[in-house]
Amino acid sequence: MARKLNERSVIIEFLPSGSYVKVSAFDPATMTEVSIVGNPASGEAILRQTVMRKLKYVLEKNAPGKPAGRGKLV
Numbered sequence: 001m002a003r004k005l006n007e008r009s010v011i012i013e014f015l016p017s018g019s020y021v022k023v024s025a026f027d028p029a030t031m032t033e034v035s036i037v038g039n040p041a042s043g044e045a046i047l048r049q050t051v052m053r054k055l056k057y058v059l060e061k062n063a064p065g066k067p068a069g070r071g072k073l074v
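Sequential numbering of the sequence shown, starting at 1, is according to full-length UniProt numbering.
In case anyone wonders, no lab produced these hints; they're calculated from the structure. C-beta atoms are modelled at their ideal positions from N, C-alpha and C, and glycine is treated no differently. Do not take every clue at face value.
No farther apart than 30 Å at their CA atoms in a straight line, the calculated lysine-lysine pairs in the BS3-like style are these [as the list claims (entries may be wrong)]:
no., residue 1, residue 2
1, LYS54, LYS22
2, LYS22, LYS61
3, LYS56, LYS22
DEER-style ranges, computed between Cβ atoms [claimed, not checked]:
no., residue 1, residue 2, range
4, PRO16, ALA63, 11 to 21 Å
5, GLY18, GLY65, 37 to 47 Å
6, ILE36, SER9, 26 to 36 Å
7, GLY65, SER17, 17 to 27 Å
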């Protein structure tokens, strides 16, 4: 049984570049990586929370057994 996202390790990387910061999150269990770009003034906690929400969304979207989403093959 797969563990919940908050129960396993996720690698988070902050890359400042001028007036923005790129934040990447990588889940080694599923080899899934997502990234966001944000304002450094937002603070590390907000940026970390945002990238974790995006990672959770992508993992749920790509979960096995889920319907393909939009459209239907005819």
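Results of checking the hints against the structure:
1. LYS54 x LYS22: Given that 30 Å is the threshold and the Cα spacing comes to 14 Å, the pair holds.
2. LYS22 x LYS61: Status holds; Cα separation ~22 Å.
3. LYS56 x LYS22: Distance ~18 Å between LYS56 and LYS22 Cα, so the pair holds.
4. PRO16 x ALA63: 11 to 21 Å: With Cβ atoms ~33 Å apart, the hint is violated.
5. GLY18 x GLY65: 37 to 47 Å: holds (43 Å)
6. ILE36 x SER9: 26 to 36 Å: violated (19 Å)
7. GLY65 x SER17: 17 to 27 Å: About 39 Å separates the Cβ atoms of GLY65 and SER17, which means 17 to 27 Å is violated.
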